[in-house]
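Student: Now for the letters of each chain:
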Amino acid sequence: MSVLDSALPPRIALVGNPNCGKTALFNALTGSRQKVANYPGVTVERKIGHFVSPLGRRVQVIDLPGTYSLRARSPDEEVTRDVVLGRFSHEDSPDLLVCVADATNLRLNLRLVVELKRLGRPIILALNMMDAAEKRGCRIDAAALSAALGVPVVPTVAIRRGGVQPLLEQIDGAMAMATDAAENPASCGWSEPSSRDLRAYHQEVEGLLAGCVADAGLPPLATRRVDAVLLHPVFGLAFLFLVLFLMFQAVFAWAEAPMNLIDGAVSGLKDWVAATLPDGALRSLLTDGIIAGVGSVVIFLPQILVLFFFILVLEATGYLARAAFLLDRLMGGVGLHGRAFIPLLSSFACAVPGVMAARTIENRADRLATIMIAPLMTCSARLPVYTLLIAAFVPDRPLLGGLVGLPGLVMFALYAAGILSALAVAFVLKGTVFKGAREPLLMELPAYRLPNPRDIALGLFERAKVFLARAGTTIFALMIVMWFLASFPGAPEGATEPAIQYSIAGMIGHALEPLLAPIGFTWQIAVALVPGIAAREVAVGVLGTIYALSESGDALQSSLAGALAASWSLPTALSLLAWYVFAPQCVATLSVVKRETNGWFWPAVMFVYMITLAYGASFITYRVALALL
Amino acid sequence: MSGHPTPETGQSPGGRHLGELKKGERARVTGVDERGVVTTLPEGELERRMIEMGLVEGSHVEVLHEAFPGRDPIAIRVNEHTLALRRAEARAVRVAPAA
Numbered sequence: 004m005s006v007l008d009s010a011l012p013p014r015i016a017l018v019g020n021p022n023c024g025k026t027a028l029f030n031a032l033t034g035s036r037q038k039v040a041n042y043p044g045v046t047v048e049r050k051i052g053h054f055v056s057p058l059g060r061r062v063q064v065i066d067l068p069g070t071y072s073l074r075a076r077s078p079d080e081e082v083t084r085d086v087v088l089g090r091f092s093h094e095d096s097p098d099l100l101v102c103v104a105d106a107t108n109l110r111l112n113l114r115l116v117v118e119l120k121r122l123g124r125p126i127i128l129a130l131n132m133m134d135a136a137e138k139r140g141c142r143i144d145a146a147a148l149s150a151a152l153g154v155p156v157v158p159t160v161a162i163r164r165g166g167v168q169p170l171l172e173q174i175d176g177a178m179a180m181a182t183d184a185a186e187n188p189a190s191c192g193w194s195e196p197s198s199r200d201l202r203a204y205h206q207e208v209e210g211l212l213a214g215c216v217a218d219a220g221l222p223p224l225a226t227r228r229v230d231a232v233l234l235h236p237v238f239g240l241a242f243l244f245l246v247l248f249l250m251f252q253a254v255f256a257w258a259e260a261p262m263n264l265i266d267g268a269v270s271g272l273k274d275w276v277a278a279t280l281p282d283g284a285l286r287s288l289l290t291d292g293i294i295a296g297v298g299s300v301v302i303f304l305p306q307i308l309v310l311f312f313f314i315l316v317l318e319a320t321g322y323l324a325r326a327a328f329l330l331d332r333l334m335g336g337v338g339l340h341g342r343a344f345i346p347l348l349s350s351f352a353c354a355v356p357g358v359m360a361a362r363t364i365e366n367r368a369d370r371l372a373t374i375m376i377a378p379l380m381t382c383s384a385r386l387p388v389y390t391l392l393i394a395a396f397v398p399d400r401p402l403l404g405g406l407v408g409l410p411g412l413v414m415f416a417l418y419a420a421g422i423l424s425a426l427a428v429a430f431v432l433k434g435t436v437f438k439g440a441r442e443p444l445l446m447e448l449p450a451y452r453l454p455n456p457r458d459i460a461l462g463l464f465e466r467a468k469v470f471l472a473r474a475g476t477t478i479f480a481l482m483i484v485m486w487f488l489a490s491f492p493g494a495p496e497g498a499t500e501p502a503i504q505y506s507i508a509g510m511i512g513h514a515l516e517p518l519l520a521p522i523g524f525t526w527q528i529a530v531a532l533v534p535g536i537a538a539r540e541v542a543v544g545v546l547g548t549i550y551a552l553s554e555s556g557d558a559l560q561s562s563l564a565g566a567l568a569a570s571w572s573l574p575t576a577l578s579l580l581a582w583y584v585f586a587p588q589c590v591a592t593l594s595v596v597k598r599e600t601n602g603w604f605w606p607a608v609m610f611v612y613m614i615t616l617a618y619g620a621s622f623i624t625y626r627v628a629l630a631l632l
Numbered sequence: 812m813s814g815h816p817t818p819e820t821g822q823s824p825g826g827r828h829l830g831e832l833k834k835g836e837r838a839r840v841t842g843v844d845e846r847g848v849v850t851t852l853p854e855g856e857l858e859r860r861m862i863e864m865g866l867v868e869g870s871h872v873e874v875l876h877e878a879f880p881g882r883d884p885i886a887i888r889v890n891e892h893t894l895a896l897r898r899a900e901a902r903a904v905r906v907a908p909a910a
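Protein chains in written order, with our numbering: chain A, 4 to 632; chain B, 812 to 910.
This is chain B alone, in the form it adopts within the complex (with noise of 0.2 angstroms):
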């Protein structure tokens, strides 16, 4: 399983976030990039943070469960791990479909 080593040249226009996946969709995590969503965080963190919790390119996720009201937050698996993250901030992480 080998990621792209840089958010910047994971990138691919046009491509999906994980905060706009539906329920029970998967995904491969292509890079974490926090510009444009808004946070209390210091510049830099928020990336940090995702990476920590298992969210890094190359990863596999899969949107398992959506709480109320809004289908939000959301809880996913991430490799063998589930996650619950706001879709607010699952915006950072980019994703492709499933190979």
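Here chain A stands alone, though its shape is the one from the complex (with noise of 0.2 angstroms):
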């Protein structure tokens, strides 16, 4: 289709090897002009963007997945070959495509240049991070580079301001020649390379390089000095442990204080809906139903920033490379690959962007293993039950000398217990439905570089902007749902019983009483547990409900702890606390596996092996409990 003839702006895709600063060079295009089609992962997202060009054309931009070939391994690399080659029955092909080279590793760059070269479509070369090439003494002709491909050569620095104007100024004349190709397409060249071919890519780049590049310029001493501690087989672990242990606390002590401002705004907001409306059903819809239920949820989006903040941050800077490299020979204990840590520790936020960060991950198997294991990482959901039960329960004892409390200890044992059992889980898997040799490991591990603040912010709005997408939509909803089964029907005259039991919550509550009675769950946490299948935390704010308390947030936190610990007896709560270690209760994970594995099949499993783990590990938690106490 040709851009004139068509209502819609011309579209560029940019395309390049993973590390290549491809973000960078989109963030420096489109700025915040951006959005992502779904949920996103650690880029494994396809994203989309626009900018104006000098000429005052309106253009459409792509970023996909970093790839090393067309020949797509991975199904985020899928996507990138199925956009590049126009296989998307919805869409055309890109009408421009730019190449995106990272101009201090122009070799392996370069091979990609080549292959795309074959599809016979316009593209521009971009040379990105051309200022730290030249700091490496790297000299680059752009002219002849550009000669010898027969294709624009621009060198950009994406981070820098005015850093992507060259590229801009490019992107006009090249479209007017796409305009001119698109009346005559070229037949796509590109087929499957065979190991021949490749080589001769690869013989194509030497010809370029010794043409071209007059010095290659040297590898990075400060990297390479760097990870000789960073990788060290004693110090490199301590550090990553490290790491994770500074980010797991600021999760907690960052997130404190806005956690408190959200808190009090959702409060006051309630309280002014509480005075200004009348006593009746729509005041109890706005205040008991949405305004109490999305804040539960809205709370947790200071945490989960701080949690991205790191997991950005340290992508950034190729970190994460480097973690994945330390853990694979310990992961592949349990018969995980090294690329599983990072969906893994995705998870601790969420599981929902933990499982779309696993599309990295090559071999169907492995993939599989990871996304089934993911819910079991204790994500930010489980917080405000575990914080409540161990409030209520758990004494503020120190231990060591003051150096730990007893709930910090207790809470330490519940995130340990998850990664545990994850672990236990996948060595099944793997040793039973998904067996056989691990995919192999071949990862770059890129240079390491300061990590942008603006590619980081833009990072962290998309991530807000998911979530409270998510919050406004899906999770209101269900709590106009969860509102109306707590309250119709209404309680008779005269009763004495807080008045959700007599509601279609407390029904489904009293009917599922007997059989969560062998695990010492009471007839209330049963009510709690039907709306907690939707979204964990809301179990929180159903119970507050349930023991008829008026406060909200900290002030709620406080009282329902004292309210559990006198109804409750200890083995019920343990066991509660057991059961949320295991139970699948999220619906937003179990369709976002369905999306990833393509169907029920996988998401029915994970719900059915997570739900016996769960009555499983309350079962034993509270007869040993009942046993010993």
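Incorrect hints may appear among the rest.
[As the list claims (entries may be wrong)] Examples of chain A residues toward chain B, derived with CB under 7 angstroms:
id: 1; residue: Tyr71
id: 2; residue: Arg110
id: 3; residue: Leu111
id: 4; residue: Leu201
id: 5; residue: Asp230
id: 6; residue: Pro236
id: 7; residue: Phe328
id: 8; residue: Arg332
id: 9; residue: Asn366
id: 10; residue: Ala440
id: 11; residue: Met446
id: 12; residue: Leu448
Keep in mind the hints are simulated off the structure, nothing from the lab.
Idealized CB from N, CA, C, for every residue including glycine.
Using the hints, put the two chains back together into the complex; each one sits in its own frame.
Tutor: Structure below.
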């Protein structure tokens, strides 16, 4: 389709190796005028943005997942291949490919350029990170390279102001040529290359380098020296665990103040609505249903952002690949790939981005095993439940001379239980259904770089947007449904019990009670678990309703903790904690697993195995606690 | 830097492979041959991936780092970039002492 006879703006796609600074270039081109189609993993989603070229043309730009070749090896590389080849039925192939190459590492990057040239489509080669290349003493003759390749070559520095200007100017010219080319489309010359073809590409690259690069520069000595420590078998692992420890500390410490602010704002809004509206169903829906419900989810935003801040910074510096390298052998003990580290780390914030980040794992069995254990990582939605029960039942007793408290130790044990059970499940899965050797590890360790604040900020902004959108749609709708179930039918005249007892939710809870009695759950817990299936954290709010408490936020936490301590036995509380380590109580996770695995089979397997584990763990915990206490 | 165009002719009997190099050792790649390496990949795939990541006849390699335990995987310098791979798969890369 020609760009002229189309009402759509012309489209360019950014293609390149991982770590070539493609996302930085995308951010420099589009600024905040970008969106991701779905819940983002760690740069595995397709991002779309737009910018206005110097000639006033509005151009749409797609940031594709990084790849070393068009022979897609993992699901995210398949996206790149299919967009570039125009294989998606609902869209044409891009009008122009901007091939982004890391100027400090031309050999590997040019290999992909040579392959893309076979497509016969308009291409611009952007030599990114030219500043770093020059600093390294690398001298590239862009004009000669352009002549030898037969495509325009522009140097860019994505992280510097004005650093993409040469590319913008080139795009207008190339767009005009792209229009001509679109009228006489060249036949697509790409077919999957054999090893002989690949060697020929390699020879071609060697020729280009010999003709156009006077000095390839030295490999970065600084990176090598840093790695001598950070990849050291002992110090390297110690440093990794220190980083993880600091990260989890920060998730709690840094997020506390903003969480209190959100909490205050939610309570304020609730009080204001309660004071403004007359008593009735509408006021109840707004305050107890929507504001309290959505507020109880939005309050996790600071924790999620702190966690993603760390993940984004670690990824931008190049450290995440090192973490995968350090852990490959250890994780291999249970059959997992080193790359599974990144999805599992994301899952501590939320399993949804974690499951999506598993797309970077090439082998299907490795990827499924990672997806299946991701929800066992303690996500932040479990925290309010853990906090509540620990406050209610665990005495604040200092241990080891005041170094750690008993509540902190219990929290640590709950995290550890999640991680250890995930490893055990992975071990069982890899020994049975996902039998076979592990996918090879062939991973580039990029040179260390300072993260660019703008790219980190845009990444966080994107996470916040997606999270709030989810809170505003899925969770909003669930809250209304739950409020309805918990409010109707209302309590009869002269009722002495809380109104929720007589509602549909109450009836479901009572119906489930016999099933949950062997693990020590009361009917109140059963009622709270019904909406908790939708989203774990909602259970806290429901317990507040059941115990007829009017406070919210911190006040609710403390008074609810008191009420629970008075009405539950310790074995029941421990049993509920054990339940929460394993139970598949998150519709969002199950639905993303369905999407990522293309069917209901794997989410069904996940639900069944997790609920079985949860019931078993609770049963054992309850019975052991009853016997001992 | 002219490599051997085919792996079959580049073989020197009794040569070493990348998987047995120690930390600090440098070498030149003389061939890529995945036979004898146990892998989940279809035939020919490992060889192609190796070439795509720069492990091709004529490349200069140096073992930079070893992970724990068992000194595996290894991080190697391949010309100007750094690559992590396991020793088991590195067996597919034949090397000769650096000239």
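Student: Hint by hint, note whether the structure agrees.
Tutor: Here is what the structure says about each hint:
Annotation: interface hint on Tyr71/A holds; nearest CB of chain B at approximately 5 angstroms, less than 7 angstroms. Interface restraint check: Arg110/A against chain B, minimum CB-CB distance 6 angstroms, threshold 7 angstroms, status holds. Among the interface hints, the one on Leu111/A holds; its C-beta lies about 5 angstroms from the nearest C-beta in chain B, closer than the 7 angstroms criterion. Because the smallest distance between the Cβ of Leu201/A and any Cβ of chain B comes to about 4 angstroms, under 7 angstroms, the interface hint for this residue holds.
A cut of 7 angstroms between beta carbons decides the hint on Asp230/A: the least distance to chain B is about 6 angstroms, and the hint holds. Because the beta carbon of Pro236/A sits about 3 angstroms from the nearest beta carbon in chain B, less than 7 angstroms, this interface hint is met. Because the closest C-beta pair between Phe328/A and chain B is about 4 angstroms apart, less than 7 angstroms, the hint holds. Against a cut-off of 7 angstroms between C-beta atoms, the interface hint on Arg332/A holds, since the closest Cβ of chain B lies about 6 angstroms away.
The interface hint given for Asn366/A holds, since its Cβ lies 6 angstroms from the closest Cβ of chain B, which is under the 7 angstroms cut-off. The beta carbon of Ala440/A is positioned within 7 angstroms of a beta carbon in chain B (closest approach about 5 angstroms), and the interface hint is therefore held. A hinted interface residue such as Met446/A counts as satisfied when its beta carbon comes closer than 7 angstroms to some beta carbon of chain B; here the least separation is about 5 angstroms, so the hint holds. Given the 7 angstroms rule on beta carbons, the hint for Leu448/A holds: about 4 angstroms separates it from the nearest Cβ of chain B.
Hint violations for this structure: none, all hints satisfied.
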